[in-house]
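Number of protein chains: 2
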Amino acid sequence: MSATLDNVRIVLVETSHPGNIGGAARAMKTMGLSRLWLVRPQRYPDPQAEWRAAGALDVLDAAVVVDTLDAALADCGLVVGTSTRQRRIPWPGVTARELPGRVAVEAGGRPTAVLFGREASGLSNDELRRCHLHLQIPANPVYPSLNVAMAVQVVCYELYQDLATRTEATAAADVWDRAPASVADVDAFYVHLERLLERVDFIDPANPGQVMTRFRRLFGRVRLDETEVAMLRGMLSEIERALSGTEHSGPK
Amino acid sequence: MSATLDNVRIVLVETSHPGNIGGAARAMKTMGLSRLWLVRPQRYPDPQAEWRAAGALDVLDAAVVVDTLDAALADCGLVVGTSTRQRRIPWPGVTARELPGRVAVEAGGRPTAVLFGREASGLSNDELRRCHLHLQIPANPVYPSLNVAMAVQVVCYELYQDLATRTEATAAADVWDRAPASVADVDAFYVHLERLLERVDFIDPANPGQVMTRFRRLFGRVRLDETEVAMLRGMLSEIERALSGTEHSGPK
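Protein sequence lines, in the order shown, are assigned to chains L and Z.
Sequence positions in the first sequence follow this note's numbering and run 1 to 252.
Sequence positions in the second sequence follow this note's numbering and run 1 to 252.
If you are wondering where the hints come from, they were derived from the structure by calculation, not from laboratory data.
Treat each hint with caution, since some may be false.
[Claimed, not checked] Which stretches of chain L does chain Z cover? Using the computed rule of at least three CB atoms under 8 Å from a CB of chain Z, they are:
#1 29–41
#2 47–60
#3 97–107
#4 132–139
#5 144–158
[Claimed, not checked] To give an idea of the chain Z side of the interface with chain L (calculated C-beta under 8 Å), a few residues:
#6 G32
#7 G55
#8 P138
#9 M150
#10 Y157
#11 Y160
#12 Q161
Note that CB positions come from ideal geometry on N, CA and C, so glycine has one too.
Let's have the full structure, built from the sequences with the hints guiding it.
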């Protein structure tokens with residue numbers, strides 16, 4: 001199977017019906033994917049999941065169950081969230097058909113996570129903020145509500161049609177000189193940045209507004225590499241050191 | 001919704017699990033399709049079908065249940081059968097992605113039927129012989145076994161991506177001067193042809209072999225129009241009349 005397909009993980013967030021977990025596992029295997037992550041599944045394991053998985057029990061058995069979305073994303077280079085809603089702040093988007101090209105070029109050898117939300121309510125705004133790209137499956141505007149396992153099937157189908165035949169040479173068209181930063185490293189930068197912005201009263205912790213969301217959108221588009229994150233962290237530390245010097249010398 | 005999408009009917013043949021019927025109805029509606037036909041469903045109606053249909057109960061309620069595949073195909077201009085198997089006699093094929101282009105050009109204003117077979121065994125060889133095109137969803141060769149409702153989702157997804165945006169002008173690129181023959185008319189021609197071929201001992205009814213399959217494949221590729229079928233029928237009748245004259249004048 002293609003190395004790129006093997007690098008894509010399907011992340012189901014708080015799935016309520018175990019049949020959908022099994023259906024997603026089967027959908028993945030038919031398209032050559034095998035990395036399934038489950039964030040707080042409501043009923044799992046469950047015989048319904050096994051029944052719907054059919055010949056993909058191996059994918060189900062190897063599924064990684066975690067308590068937090070962070071745990072599912074920490075080592076990823078690219079995070080994509082499925083979404084049908086329009087959000088208040090527009091976000092970089094991609095259609096299911098465009099996804100494989102972005103994965104091939106932007107994931108940079110790290111895992112790509114594709115997130116699928118709850119049956120009733122999808123992904124939360126906070127979860128969608130964690131994504132570099134929002135993925136849309138163009139659908140009937142009157143009823144765009146694909147079942148979650150069906151959405152997994154369509155996305156995996158598109159990944160397989162493209163990536164199974166894409167050569168390493170094609171995928172390497174946009175090779176970068178540094179490894180892409182992991183989600184965990186970039187998150188640590190955001191925490192650091194927010195701490196600084198609160199310290200300088202740019203953000204009011206009691207009423208933070210959209211500042212951090214806009215910073216996530218900004219840096220999410222850049223697809224930071226490891227060196228750049230280290231540089232940004234160093235900058236923040238230097239500013240903090242300078243501020244401490246100022247503060248030591250007197251009240252603000 | 002697009003006139004072309006409205007002209008595509010999804011035909012499920014002897015589906016054994018009602019959940020798959022409901023899942024197929026939902027998959028269709030998300031992609032703007034609404035014509036569902038059920039040939040001898042094993043359990044239907046059934047609460048499981050309704051549950052899985054979710055917001056597509058209207059599609060389910062309007063489903064046409066029939067006893068024979070003939071009844072589902074009689075007025076169609078183009079018949080496409082999903083298949084994962086390689087058959088003894090190769091057949092004109094199309095991928096899911098290529099399907100919309102063929103529907104737009106070849107259906108000629110008549111309904112297109114896309115057939116999906118049984119969960120365990122798919123479509124029979126006899127059913128596949130009835131199809132102008134065999135449709136493949138490219139998939140993992142190790143496990144290409146998509147659930148039937150998932151296959152409906154992928155096919156409807158491809159139809160929607162293309163046909164919802166295709167203009168009448170594009171669709172009319174290959175306009176023909178005569179209406180395409182209906183499946184029922186062409187079938188009547190095959191029956192007539194077979195009767196003649198048996199009469200002249202070209203086919204042994206006790207051991208018919210592949211002759212009629214090869215004729216179906218031949219004429220299926222041509223996509224006969226109404227005038228051509230009338231002409232072929234006239235020719236067969238003339239031959240029969242001439243044979244009767246010969247037979248009357250003495251034993252063969």
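Now the hints, each set against the structure:
no.: 1; hint: 29–41; in the structure: holds (count 4)
no.: 2; hint: 47–60; in the structure: holds (count 4)
no.: 3; hint: 97–107; in the structure: violated (count 1)
no.: 4; hint: 132–139; in the structure: holds (count 3)
no.: 5; hint: 144–158; in the structure: holds (count 9)
no.: 6; hint: G32; in the structure: 4 Å, holds
no.: 7; hint: G55; in the structure: 6 Å, holds
no.: 8; hint: P138; in the structure: 6 Å, holds
no.: 9; hint: M150; in the structure: 5 Å, holds
no.: 10; hint: Y157; in the structure: 5 Å, holds
no.: 11; hint: Y160; in the structure: 7 Å, holds
no.: 12; hint: Q161; in the structure: 6 Å, holds
In the structure shown, a violation is registered for the earlier hint numbered 3 alone.
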